[in-house]
Amino acid sequence: MKGVVMRHILRSQQFNRTDIEELFKATDTMRKAFKSSLGRVQFRPRLLGKLMFTIFYEPSTRTRFSFAAAAIHLGMRVVGTDNAREFSSAIKGETLEDTIEVLCQYLPDVIVLRHHEAGAAERAALIGERHGVSIINAGDGKGQHPTQALLDLYTIKQELGRTDDIKVVLGGDLANGRTARSLVYLLSKYKGVRLIFVSPPELRIGGDIKSHLIEHKVRFEEETFLLDALLHAETLGRDIDVVYWTRVQRERMENPGANFGESYRITPEIMSHLKQDAILMHPLPRVDEIAKEVDSDPRAAYFRQAGYGMYVRMALLQEILK
Amino acid sequence: MKGVVMRHILRSQQFNRTDIEELFKATDTMRKAFKSSLGRVQFRPRLLGKLMFTIFYEPSTRTRFSFAAAAIHLGMRVVGTDNAREFSSAIKGETLEDTIEVLCQYLPDVIVLRHHEAGAAERAALIGERHGVSIINAGDGKGQHPTQALLDLYTIKQELGRTDDIKVVLGGDLANGRTARSLVYLLSKYKGVRLIFVSPPELRIGGDIKSHLIEHKVRFEEETFLLDALLHAETLGRDIDVVYWTRVQRERMENPGANFGESYRITPEIMSHLKQDAILMHPLPRVDEIAKEVDSDPRAAYFRQAGYGMYVRMALLQEILK
Amino acid sequence: MKGVVMRHILRSQQFNRTDIEELFKATDTMRKAFKSSLGRVQFRPRLLGKLMFTIFYEPSTRTRFSFAAAAIHLGMRVVGTDNAREFSSAIKGETLEDTIEVLCQYLPDVIVLRHHEAGAAERAALIGERHGVSIINAGDGKGQHPTQALLDLYTIKQELGRTDDIKVVLGGDLANGRTARSLVYLLSKYKGVRLIFVSPPELRIGGDIKSHLIEHKVRFEEETFLLDALLHAETLGRDIDVVYWTRVQRERMENPGANFGESYRITPEIMSHLKQDAILMHPLPRVDEIAKEVDSDPRAAYFRQAGYGMYVRMALLQEILK
Chain C
119 MKGVVMRHIL RSQQFNRTDI EELFKATDTM RKAFKSSLGR VQFRPRLLGK
169 LMFTIFYEPS TRTRFSFAAA AIHLGMRVVG TDNAREFSSA IKGETLEDTI
219 EVLCQYLPDV IVLRHHEAGA AERAALIGER HGVSIINAGD GKGQHPTQAL
269 LDLYTIKQEL GRTDDIKVVL GGDLANGRTA RSLVYLLSKY KGVRLIFVSP
319 PELRIGGDIK SHLIEHKVRF EEETFLLDAL LHAETLGRDI DVVYWTRVQR
369 ERMENPGANF GESYRITPEI MSHLKQDAIL MHPLPRVDEI AKEVDSDPRA
419 AYFRQAGYGM YVRMALLQEI LK
Chain F
119 MKGVVMRHIL RSQQFNRTDI EELFKATDTM RKAFKSSLGR VQFRPRLLGK
169 LMFTIFYEPS TRTRFSFAAA AIHLGMRVVG TDNAREFSSA IKGETLEDTI
219 EVLCQYLPDV IVLRHHEAGA AERAALIGER HGVSIINAGD GKGQHPTQAL
269 LDLYTIKQEL GRTDDIKVVL GGDLANGRTA RSLVYLLSKY KGVRLIFVSP
319 PELRIGGDIK SHLIEHKVRF EEETFLLDAL LHAETLGRDI DVVYWTRVQR
369 ERMENPGANF GESYRITPEI MSHLKQDAIL MHPLPRVDEI AKEVDSDPRA
419 AYFRQAGYGM YVRMALLQEI LK
Chain W
119 MKGVVMRHIL RSQQFNRTDI EELFKATDTM RKAFKSSLGR VQFRPRLLGK
169 LMFTIFYEPS TRTRFSFAAA AIHLGMRVVG TDNAREFSSA IKGETLEDTI
219 EVLCQYLPDV IVLRHHEAGA AERAALIGER HGVSIINAGD GKGQHPTQAL
269 LDLYTIKQEL GRTDDIKVVL GGDLANGRTA RSLVYLLSKY KGVRLIFVSP
319 PELRIGGDIK SHLIEHKVRF EEETFLLDAL LHAETLGRDI DVVYWTRVQR
369 ERMENPGANF GESYRITPEI MSHLKQDAIL MHPLPRVDEI AKEVDSDPRA
419 AYFRQAGYGM YVRMALLQEI LK
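Residue numbers (our numbering), protein chains in the order written: chain C, 119 to 440; chain F, 119 to 440; chain W, 119 to 440.
Be careful, since some hints might not be right.
A pair counts as met if it fits within one copy or between any two copies, since identical chains are not told apart.
Claimed, not checked - The list that follows gives simulated cross-link-like pairs (lysine-lysine, DSS-like), each with its CA atoms no further than 27 Å apart:
hint: 1; residue 1: K309; residue 2: K168
hint: 2; residue 1: K150; residue 2: K335
hint: 3; residue 1: K335; residue 2: K260
hint: 4; residue 1: K328; residue 2: K410
hint: 5; residue 1: K440; residue 2: K150
hint: 6; residue 1: K335; residue 2: K440
hint: 7; residue 1: K440; residue 2: K153
hint: 8; residue 1: K440; residue 2: K143
hint: 9; residue 1: K328; residue 2: K150
hint: 10; residue 1: K335; residue 2: K275
hint: 11; residue 1: K275; residue 2: K393
hint: 12; residue 1: K153; residue 2: K307
hint: 13; residue 1: K328; residue 2: K285
hint: 14; residue 1: K335; residue 2: K168
hint: 15; residue 1: K335; residue 2: K410
hint: 16; residue 1: K153; residue 2: K168
hint: 17; residue 1: K393; residue 2: K307
hint: 18; residue 1: K393; residue 2: K260
hint: 19; residue 1: K440; residue 2: K168
Simulated from the structure, these hints should not be mistaken for lab results.
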């Protein structure tokens with residue numbers, strides 16, 4: 119990001135390793151200063167009076183609050199709606215482009231957009247660019263959710279101290295889950311990354327991702343059961359650093375037997391096979407795919423992950439609105 | 119509250135008489151300063167830059183606006199949702215504990231929570247406590263709504279000048295109404311309080327409340343018709359100080375005849391039986407259980423009651439976030 | 119507005135020519151200062167700390183954001199809801215008057231109200247007046263939407279440089295469209311205004327408007343097809359200055375044949391019949407009654423119109439809250 123003006127946050131691919139390093143340094147600085155006694159006071163003026171619109175075509179209160187809190191901690195004002203589908207309702211039918219065009223007329227500094235169609239953020243950015251208004255993609259359908267991928271990577275960096283030479287299990291519904299796919303793209307930029315995909319056969323990671331990994335020479339394996347992956351790894355020296363877990367919706371499995379479903383649930387017993395400095399991540403919300411009793415395990419990093427997310431978003435806002 | 123740090127507002131019972139006295143003094147100060155020409159300017163800095171989340175699992179725009187306005191008048195920022203059920207929707211299913219844990223990661227100073235399950239606020243406070251985030255119960259199902267009870271008591275104090283030695287009629291749906299029940303608990307702390315419960319037989323106040331009153335030696339009677347209570351009182355010297363009225367939903371009555379329903383409607387005729395310095399209260403919203411023509415009666419205190427509520431909430435915020 | 123305190127914005131008719139001139143001057147000043155590098159900084163303090171409630175009984179995110187952004191650019195705080203029908207839901211049933219009375223107790227400076235019933239804003243203003251709280255009508259059913267009419271007129275002034283001696287085509291659903299009707303009322307205050315109404319026979323402008331125009335000696339014609347109006351005008355010297363277009367809902371037409379529907383769609387071909395300094399306006403949202411290809415025509419003024427709208431609202435806020 120050095121020297122280059124980055125106006126919009128649309129896809130994880132727009133960040134190269136140097137961009138990411140700078141972003142993570144800025145995030146570190148933000149966290150340190152903010153947690154010090156004078157933190158909030160020091161930060162407030164940086165983006166004082168700037169205006170954020172949060173435009174959510176599908177409700178995601180968690181993500182909306184993360185962005186709104188990030189903005190407010192930096193001194194910004196926020197106007198938002200969970201109800202943006204009203205723009206494009208049958209009666210009032212308006213294109214996304216028209217909606218963004220009108221919103222830009224109200225002179226926000228940034229529009230955080232959550233939309234149900236892949237590519238929506240990029241379409242919005244074409245409009246925003248003309249008005250000098252930044253667009254942040256907060257998830258567009260099956261497309262991208264770049265701030266989630268960045269916060270996932272930051273969590274690994276923060277918790278393990280590195281993003282090279284790591285072995286990562288990604289598990290759950292890898293066919294439909296947006297977060298695991300995006301993280302894989304980011305991880306493929308790093309050296310010595312090894313991946314193990316764990317999912318029911320019908321929910322395997324897509325061929326596009328596998329091609330991408332082969333092209334970037336990232337080693338990966340596929341397993342059906344987490345325990346197999348863990349025991350296999352154990353023989354190699356308990357070498358798994360990260361378990362990134364997501365939900366398998368039972369209705370998507372072909373054989374959703376009780377025992378089978380249980381295989382996609384992380385329990386203290388499962389945790390006992392992980393080494394002491396490994397971490398367990400999850401994009402949240404968690405339903406029952408991680409047992410509540412795991413929460414007290416210091417390796418359970420999923421709530422800290424949500425917290426890092428807000429700081430990553432603060433750093434991004436400061437970068438694009440500076 | 120002197121000397122003791124009070125972090126959360128969960129139940130009316132957490133306040134003893136001294137706490138309440140101090141809270142009411144702080145509320146008085148707030149009102150006086152705020153109403154003076156420089157009021158708003160003087161207040162703004164007290165909680166400047168603090169952040170409130172309003173998390174409402176069931177919409178209650180009235181209560182949400184009261185808290186938001188209280189916060190804003192004190193210089194705070196507010197991010198809110200009426201749509202918090204989305205957190206725990208069938209698809210995304212997340213426990214209240216997880217939701218609060220994630221929201222705390224975004225570093226609010228206080229979370230105002232409205233939930234449909236009794237005990238929700240106490241569960242949330244267990245999480246908030248770990249993060250130094252205050253939780254305010256803005257109504258949890260059939261459980262508590264402590265700021266409502268406090269504002270009701272403040273209204274009595276303010277309008278009558280005292281909270282001891284008062285005779286209070288509580289009427290309407292006493293079986294299901296949360297507000298009347300909570301107020302009774304608070305009133306039982308005071309001396310010389312006498313209560314008359316007025317309700318259809320099937321909507322009588324619960325046995326738990328009666329036991330509580332007997333234990334605390336609070337005198338009470340039960341009547342089916344308000345007019346009987348008033349005429350009876352009249353012979354004793356028109357001694358009723360407060361009529362606290364709530365709605366009887368006709369569908370809950372066993373004999374919802376037109377005349378019967380009319381008995382639970384306050385009219386100018388009914389008001390003529392009350393003494394000049396009595397007051398009529400109502401938690402609002404009012405439907406037709408108080409005739410519109412009563413509004414111009416100076417004893418109709420229900421709108422002032424809503425106004426006092428905002429000041430009580432300002433005083434509480436200042437207390438717990440100081 | 120000179121010398122007179124104008125507290126509420128309820129109907130376009132409350133503004134005389136002098137008021138409008140002053141409002142437009144204030145809007146010009148606002149735009150110039152705001153667009154300069156120091157603009158935002160200079161403006162912020164004017165209404166610093168004032169509080170706006172946006173109370174929308176029917177969602178209109180576009181209008182709500184326009185008011186909220188206007189307020190925030192002036193330093194105000196905003197609390198809002200799209201969900202105000204909850205106030206008057208079957209279960210909680212509360213009159214508009216009670217709702218406004220309660221909201222005024224929370225000490226906002228202004229309430230922006232969108233309601234489904236004509237006359238709602240005037241009823242709200244009777245309550246607001248008692249509390250010194252301004253009410254702004256942001257659309258009440260088939261009634262008024264005065265800030266829309268003012269921004270439409272400001273757009274004409276700004277784009278053409280005058281509001282006298284203009285020829286305006288108003289087209290689309292003139293029977294049900296609130297915006298075209300309101301604009302006609304405002305235009306009738308000016309000299310040398312000539313109107314051409316274009317609509318399917320069943321969606322003609324109302325007799326009340328025609329009587330008003332006759333009384334005020336404003337010349338008008340009626341046509342069924344825009345092309346006829348344009349070609350007719352062309353023989354008179356391509357004298358049309360403004361085309362104000364709105365949507366015809368096909369289900370409201372008696373003969374909604376494809377070709378007929380096409381006649382109510384503005385295309386580049388239609389634009390070719392307009393003179394170079396004419397403008398095309400639309401209250402938005404636009405569905406397909408203006409072809410997307412028209413957007414790049416410099417005469418397409420509809421998005422600028424939305425932008426002017428925010429400034430007009432800023433000027434109004436500054437006027438009524440000064």
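Right, here's what the structure says about each hint:
| no. | hint | result |
| --- | --- | --- |
| 1 | K309 with K168 | neither (39 Å within a copy, 43 Å between copies) |
| 2 | K150 with K335 | neither (36 Å within a copy, 56 Å between copies) |
| 3 | K335 with K260 | within (25 Å within a copy, 59 Å between copies) |
| 4 | K328 with K410 | neither (33 Å within a copy, 40 Å between copies) |
| 5 | K440 with K150 | both (20 Å within a copy, 23 Å between copies) |
| 6 | K335 with K440 | neither (37 Å within a copy, 56 Å between copies) |
| 7 | K440 with K153 | both (22 Å within a copy, 18 Å between copies) |
| 8 | K440 with K143 | within (16 Å within a copy, 33 Å between copies) |
| 9 | K328 with K150 | neither (38 Å within a copy, 55 Å between copies) |
| 10 | K335 with K275 | within (21 Å within a copy, 64 Å between copies) |
| 11 | K275 with K393 | within (17 Å within a copy, 62 Å between copies) |
| 12 | K153 with K307 | neither (31 Å within a copy, 42 Å between copies) |
| 13 | K328 with K285 | within (16 Å within a copy, 64 Å between copies) |
| 14 | K335 with K168 | neither (43 Å within a copy, 49 Å between copies) |
| 15 | K335 with K410 | neither (37 Å within a copy, 45 Å between copies) |
| 16 | K153 with K168 | both (23 Å within a copy, 14 Å between copies) |
| 17 | K393 with K307 | within (25 Å within a copy, 57 Å between copies) |
| 18 | K393 with K260 | neither (33 Å within a copy, 46 Å between copies) |
| 19 | K440 with K168 | both (10 Å within a copy, 23 Å between copies) |
When each numbered hint is compared with the structure, violations occur for hints 1, 2, 4, 6, 9, 12, 14, 15, 18.
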